[in-house]
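For the protein sequence lines, the chains are A and B, in the order given. Residue numbers for the first sequence follow this note's numbering, beginning at 1 and rising by one. Residue numbers for the second sequence follow this note's numbering, beginning at 1 and rising by one.
Don't read these hints as lab results, they were simulated from the structure. Incorrect hints may appear among the rest.
Which residues of chain B face chain A? A few of them, derived with a C-beta cut under 10 Å, are [what the hints assert, rightly or not]:
(1) K145
(2) L146
(3) G173
(4) I178
(5) A205
(6) I225
(7) L248
(8) L258
Each residue gets a CB set at the ideal place from its N, CA and C atoms; glycine is no exception.
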Amino acid sequence: MIFKRKKYIELTPKEKVDIKKEIWIKCDGCGKLLYTKKLEENLKVCPECSYHFRMTAEERIKSLIDEGTFVEKWRNLETCDPLNFVGVKSYKEKLQEDMKKTGMKEAIVVGTGKIGGFPVSLSVLDAHFIMGSMGSVVGEKFSRICEFSIEVGLPLISISGGGGGARMYEGVISLMQMAKTASSVGKLKKAGILYISILTDPTMGGVAASFAFLGDIIIAEPKALIGFAGPRVIEQTIRQKLPHGFQSAEFLYERGLIDMVVDRRDLKEIITKILRIFHT
Amino acid sequence: MEKKYLPFEKPIEEIERKIEEIEKNKKIDPIVKNTEIVKLKQLLIEKKKEIYSNLTPWQIVQIARHPNRPHTLDYLDNIFDEYIELHGDRAFKDDPAIVSGFGKFLGMTVAFVGHQKGRETKENIDRKFGMAHPEGYRKALRIMKLAEKFTFPVVTFIDTPGAHPDIEAEERGQALSIAINLLEMSLLRTPILCIIIGEGGSGGALGIGLGDRVLMQEFSIYSVISPEGCASILWKSQNAVEEAAKALKLTSRDLLELGIIDEIIPEPLGGAHSDWEKTFEYMKSAIEKNLKELKMIKIDELIELRYKKYRKIGVFKEGEESE
Chain A
1 MIFKRKKYIE LTPKEKVDIK KEIWIKCDGC GKLLYTKKLE ENLKVCPECS YHFRMTAEER
61 IKSLIDEGTF VEKWRNLETC DPLNFVGVKS YKEKLQEDMK KTGMKEAIVV GTGKIGGFPV
121 SLSVLDAHFI MGSMGSVVGE KFSRICEFSI EVGLPLISIS GGGGGARMYE GVISLMQMAK
181 TASSVGKLKK AGILYISILT DPTMGGVAAS FAFLGDIIIA EPKALIGFAG PRVIEQTIRQ
241 KLPHGFQSAE FLYERGLIDM VVDRRDLKEI ITKILRIFHT
Chain B
1 MEKKYLPFEK PIEEIERKIE EIEKNKKIDP IVKNTEIVKL KQLLIEKKKE IYSNLTPWQI
61 VQIARHPNRP HTLDYLDNIF DEYIELHGDR AFKDDPAIVS GFGKFLGMTV AFVGHQKGRE
121 TKENIDRKFG MAHPEGYRKA LRIMKLAEKF TFPVVTFIDT PGAHPDIEAE ERGQALSIAI
181 NLLEMSLLRT PILCIIIGEG GSGGALGIGL GDRVLMQEFS IYSVISPEGC ASILWKSQNA
241 VEEAAKALKL TSRDLLELGI IDEIIPEPLG GAHSDWEKTF EYMKSAIEKN LKELKMIKID
301 ELIELRYKKY RKIGVFKEGE ESE
């Protein structure tokens, strides 16, 4: 017995993994393997356990805005490195890396479109770009879309899916974006413009403590992590493990901090309903 | 109050100890003693000048946190004619990390809000190290709204490592309370003067830090994250605190240059902790000057200017429109 016929074709392990990764994805909620295409059709919500996967800004817009109505604004704003921040990795390197990774120029997309036929202004944060943290460009675009909403009298919908809070690499300039964006929401208030804020996983730190928590109506996605201090920081401070479900959307709802927790598959319908009721 | 010295103040400590020793020594001839002390005091000034004109950002962080530095209540006790502290957020409880109320400053009625740190361990625990909970921010807002009712100017004293990171703070809406303060302060129809008197720790500082003028004492700091936090996130090592302190551009000089603050309040040679009298004098004249200027501006204009002040902060490029 010198030559034994193989019963299977050999694949190099590398190829195997790649193919698997593209077609199948493991759910972080229930651990089941999901067919990627099916998951995407289901707005990235696990059909088994309703776990909400994070969305990119592009996917988010597609899921909420009526087809063909979205017009992006101020795509031309580009990030600078005002502190010339040098760390283990410089800010410039980090920016390049995340631009390449996401195909985006920054963590925010703003524009106009229609939801259920109602024209709105829209601001979407993308957690895939430096954790969706707020630097100068995020602050500037958010303030511009607020001012634009006032100018043309459109309700503003903001989706905050960015955990990083204020962007460390821009130092106090990024901290001041909290003051800047909150002041712009103040302008909306004075002008009588409806502002709906959707909190998605994760909404923390400086983003939470400024425009995200200032919605006239605040909606969160199930199980989204929402809060001010990061769970690890709190654990280090109090030196004990945090209770299960701490800082989740449901935790905040129970304490009266947000209006409702809405499954992503119902989100468009709920927003449309609010727009209809508030429309005069 | 026991005098404490920072590691880099060692040469100052040595000279001051020597002066004390000589002063106490009864065996030395008074004339010799005098000349000796005059000489040492001269040397002390030179040493202080040498050390304090070459401080690194990390050393400035340590000065900003110095336990002998005057805190909010020290300023109230020493530069206000009189004041009354008011308590509670009218909803949950009184937060000892923030003091607030009304007082007379050079005959003028002024509202004050400030973080309050302790000096000794027990006092620090009672004051929660100056780290406020949501009820603290809500109390601050209540006092500011009351000030608005009478158009009394508001002076805020900022000195906190940050907002309190614990379970209770999150349960009661830490992010929400800070966000609401920012929005309400941007619209408050009375002048607001904010002064960083020690540590300006991120959102916890900004929660009472949005105003018409923002001043910093010379050796105070203002930062989006503590150098320790930044070092552990970006460098994954506590050994990098000095580098992080430098990278964050958190000193008064850096922030004046970046256009974030309006003015630096000078500190006496050797820092605020070394000479309270002079510190109070400089603080008093800075508050007086700024309040007088702000009172001259009509409220509607003031609020528009306040909006523009923050609206223009940010550094970005406006590339070509791709559409």
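So, going through the hints one by one against the coordinates:
| no. | hint | in the structure |
| --- | --- | --- |
| 1 | K145 | violated, 14 Å |
| 2 | L146 | violated, 19 Å |
| 3 | G173 | holds, 5 Å |
| 4 | I178 | holds, 4 Å |
| 5 | A205 | holds, 8 Å |
| 6 | I225 | holds, 6 Å |
| 7 | L248 | holds, 5 Å |
| 8 | L258 | holds, 7 Å |
Hints 1 and 2 from the list above are not met by this structure, while the remaining hints are.
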